[in-house]
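*Asks:* Based on the provided sequences and hints, a complete structural model is requested.
Chains as they are written, first to last, in full-length UniProt numbering: chain A, 1 to 325; chain B, 1 to 325.
Worth double-checking, as some hints may not be accurate.
Identical copies look the same in the list; a pair holds intra-copy or inter-copy alike.
To be verified - Keeping only pairs whose Cα atoms sit at most 20 Å apart, straight-line, the calculated SDA-like set for lysine to any residue is: (1) Lys44 to Ala314; (2) Lys318 to Tyr263; (3) Lys318 to Glu277; (4) Lys318 to Asp31; (5) Lys222 to Glu188.
Hints were generated in silico from the structure; no laboratory data involved. As the structure is a computational prediction, the values presented were derived from the model and not from experiment.
As a plain string of letters, each chain reads:
Protein chains: 2
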Amino acid sequence: MDIDDLAKRVAAGERRALARAITLVESARPDHRAQAARLLDALKGAGREALRIGLSGTPGVGKSTFIEAFGMFLIERGLKVAVLAVDPSSARSGGSILGDKTRMERLAREANAFIRPSPSQTQLGGVARRTREAVALCEAAGFDVVLIETVGVGQSETMVAGMADLFLLLIAPAGGDELQGVKRGIMEMADLILVNKADGALKETAMRTCADYAGALRLLRKRAQDPDGYPRAMTVSALSYDGLPEAWAAMGALAEWRRAQGYWAANRAEQARRWFEEELRAALLARLENDPRIRGMVADLGDSVAAGETSPGAAADKVLDVLDR
Amino acid sequence: MDIDDLAKRVAAGERRALARAITLVESARPDHRAQAARLLDALKGAGREALRIGLSGTPGVGKSTFIEAFGMFLIERGLKVAVLAVDPSSARSGGSILGDKTRMERLAREANAFIRPSPSQTQLGGVARRTREAVALCEAAGFDVVLIETVGVGQSETMVAGMADLFLLLIAPAGGDELQGVKRGIMEMADLILVNKADGALKETAMRTCADYAGALRLLRKRAQDPDGYPRAMTVSALSYDGLPEAWAAMGALAEWRRAQGYWAANRAEQARRWFEEELRAALLARLENDPRIRGMVADLGDSVAAGETSPGAAADKVLDVLDR
Numbered sequence: 001m002d003i004d005d006l007a008k009r010v011a012a013g014e015r016r017a018l019a020r021a022i023t024l025v026e027s028a029r030p031d032h033r034a035q036a037a038r039l040l041d042a043l044k045g046a047g048r049e050a051l052r053i054g055l056s057g058t059p060g061v062g063k064s065t066f067i068e069a070f071g072m073f074l075i076e077r078g079l080k081v082a083v084l085a086v087d088p089s090s091a092r093s094g095g096s097i098l099g100d101k102t103r104m105e106r107l108a109r110e111a112n113a114f115i116r117p118s119p120s121q122t123q124l125g126g127v128a129r130r131t132r133e134a135v136a137l138c139e140a141a142g143f144d145v146v147l148i149e150t151v152g153v154g155q156s157e158t159m160v161a162g163m164a165d166l167f168l169l170l171i172a173p174a175g176g177d178e179l180q181g182v183k184r185g186i187m188e189m190a191d192l193i194l195v196n197k198a199d200g201a202l203k204e205t206a207m208r209t210c211a212d213y214a215g216a217l218r219l220l221r222k223r224a225q226d227p228d229g230y231p232r233a234m235t236v237s238a239l240s241y242d243g244l245p246e247a248w249a250a251m252g253a254l255a256e257w258r259r260a261q262g263y264w265a266a267n268r269a270e271q272a273r274r275w276f277e278e279e280l281r282a283a284l285l286a287r288l289e290n291d292p293r294i295r296g297m298v299a300d301l302g303d304s305v306a307a308g309e310t311s312p313g314a315a316a317d318k319v320l321d322v323l324d325r
Numbered sequence: 001m002d003i004d005d006l007a008k009r010v011a012a013g014e015r016r017a018l019a020r021a022i023t024l025v026e027s028a029r030p031d032h033r034a035q036a037a038r039l040l041d042a043l044k045g046a047g048r049e050a051l052r053i054g055l056s057g058t059p060g061v062g063k064s065t066f067i068e069a070f071g072m073f074l075i076e077r078g079l080k081v082a083v084l085a086v087d088p089s090s091a092r093s094g095g096s097i098l099g100d101k102t103r104m105e106r107l108a109r110e111a112n113a114f115i116r117p118s119p120s121q122t123q124l125g126g127v128a129r130r131t132r133e134a135v136a137l138c139e140a141a142g143f144d145v146v147l148i149e150t151v152g153v154g155q156s157e158t159m160v161a162g163m164a165d166l167f168l169l170l171i172a173p174a175g176g177d178e179l180q181g182v183k184r185g186i187m188e189m190a191d192l193i194l195v196n197k198a199d200g201a202l203k204e205t206a207m208r209t210c211a212d213y214a215g216a217l218r219l220l221r222k223r224a225q226d227p228d229g230y231p232r233a234m235t236v237s238a239l240s241y242d243g244l245p246e247a248w249a250a251m252g253a254l255a256e257w258r259r260a261q262g263y264w265a266a267n268r269a270e271q272a273r274r275w276f277e278e279e280l281r282a283a284l285l286a287r288l289e290n291d292p293r294i295r296g297m298v299a300d301l302g303d304s305v306a307a308g309e310t311s312p313g314a315a316a317d318k319v320l321d322v323l324d325r
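*Replies:* Here you go:
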């Protein structure tokens with residue numbers, strides 16, 4: 001594969017080149033990994049920066065419909081929008097986020113939109129690396145907004161928040177009791193809580209739910225990177241587009257404030273450092289997998305430990321000795 | 001420290017020696033780690049096997065009271081009982097499991113009981129290793145039952161189930177709605193669900209709750225290692241001891257069946273293999289921490305990545321190169 005040519009075409013914003021580049025970073029093959037590293041290095045100088053928005057919400061809150069409406073809203077404003085899905089459950093049972101584009105048909109047809117389903121990797125670590133690299137590729141391809149979508153299942157939120165500039169939590173209108181269903185940890189990551197479906201018969205319920213969450217947010221400890229009035233709860237309707245301009249304005253105001261205060265750059269720097277540390281740990285652990293001799297040794301020693309012939313610690317020492325040779 | 005002498009005294013069942021040995025395996029100091037490995041190796045031949053019981057339950061279900069009652073019940077039957085607490089939250093804010101023995105005053109005074117609070121380590125991996133080693137030490141010291149106690153917060157249950165022969169879930173009597181509060185994943189690990197506080201005014205509620213859980217258990221897919229009638233839900237009272245003989249009989253019958261079918265040995269073999277693999281990964285990652293030169297290099301490269309001068313992947317490669325030299 002001609003990596004320099006691919007880099008040029010990604011930088012020119014060619015969607016097919018971007019799709020191929022993401023397929024490359026998703027591959028675990030060592031030669032693909034090397035090519036992916038070269039590609040990312042070649043595109044590093046582009047200096048383009050997108051607004052990276054993390055978005056979470058449990059199944060049923062209307063995430064796809066919201067993303068389609070929000071995406072169309074941004075495109076109408078002349079912006080280019082990429083959507084990356086992160087679904088740790090996709091390896092099993094098809095996952096909660098559909099693996100095709102049919103759920104956002106309208107957005108998928110737009111020339112200024114790029115939608116990428118979740119890769120079907122089992123390990124969250126692998127998904128994290130791939131998604132971070134895909135975000136970098138979308139940025140290099142000139143997308144203005146990169147939406148990183150995930151489901152409300154805990155660890156994947158932390159991961160997505162760890163690569164986003166802003167984090168949105170999408171909520172369905174519901175009775176006060178169900179407020180407890182959102183994990184406190186996820187609420188604490190949110191910059192904006194958007195109560196969806198604020199239209200028709202559900203509008204009043206949505207407004208009450210929004211007020212409930214606004215109250216709950218006031219009880220959380222204020223973070224340094226929050227200006228007055230943030231984190232915020234707002235209502236939106238993916239159906240009527242009501243509230244989308246206000247939500248977008250709130251994101252813009254927050255992003256601008258954070259840029260001015262230096263939190264934006266500090267956050268990105270910290271995220272890059274963590275990315276490096278995770279990359280390093282993953283590369284170190286990959287040594288146990290990549291070399292067939294080591295893999296065989298681990299399997300044999302595992303049998304010996306299982307049979308009670310070797311202690312787990314002594315077996316580990318033996319592998320380390322061979323790795324050191 | 002004279003490791004051979006310590007091993008001898010642990011094998012003789014001396015409680016103070018056991019406490020010292022556990023303190024040794026809890027230490028992260030490299031020289032202590034080496035001594036701990038020697039100690040565990042010296043005790044490996046003892047060939048003693050305890051019944052390892054994992055026990056989980058959210059705060060408020062009466063876990064301490066149950067453990068004290070169950071422990072006294074076992075001691076009255078001539079058995080030696082060790083209790084190890086695993087509380088991943090103990091590093092922050094004191095944790096949910098109290099760090100002293102005062103909560104089980106009666107049991108703590110018994111010559112045939114040994115109670116050890118949770119170590120205050122931040123990383124679950126570190127706690128896992130220490131607990132597995134502490135279990136092995138308690139076994140070598142001749143304890144018949146080792147109770148490994150944890151709180152209902154997800155990952156720590158998986159860890160405890162990964163080192164236990166049986167897994168108990170303790171539940172408080174409650175209305176049907178609250179059944180949903182127990183995570184499905186934790187229910188799927190349980191061999192026995194014990195509804196506590198089945199006495200006085202709560203007795204009827206406890207029986208209803210027990211029936212609810214029995215119904216829920218029937219909806220779960222049957223595991224190969226479950227004989228007919230398991231997993232089971234039963235009521236117990238830590239206050240009146242009602243149900244304790246039945247619960248203990250149910251544990252014994254399950255353990256016996258699994259021994260006869262080969263699941264017991266297969267499970268222990270699989271657990272030992274996983275222990276080895278985790279040990280190996282931890283030892284490999286420790287190389288990033290142990291050598292001050294590498295630690296400094298990681299910090300410097302982290303600064304460079306944060307400043308945007310080096311890409312995360314390139315920085316990781318540099319560290320790996322030095323580790324290889």
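*Asks:* Taking the hints in turn, state whether each one holds.
*Replies:* Here's how the hints hold up against the structure:
no. : hint             : result
1   : Lys44 to Ala314  : between (44 Å within a copy, 12 Å between copies)
2   : Lys318 to Tyr263 : neither (46 Å within a copy, 29 Å between copies)
3   : Lys318 to Glu277 : between (26 Å within a copy, 12 Å between copies)
4   : Lys318 to Asp31  : between (29 Å within a copy, 18 Å between copies)
5   : Lys222 to Glu188 : within (10 Å within a copy, 38 Å between copies)
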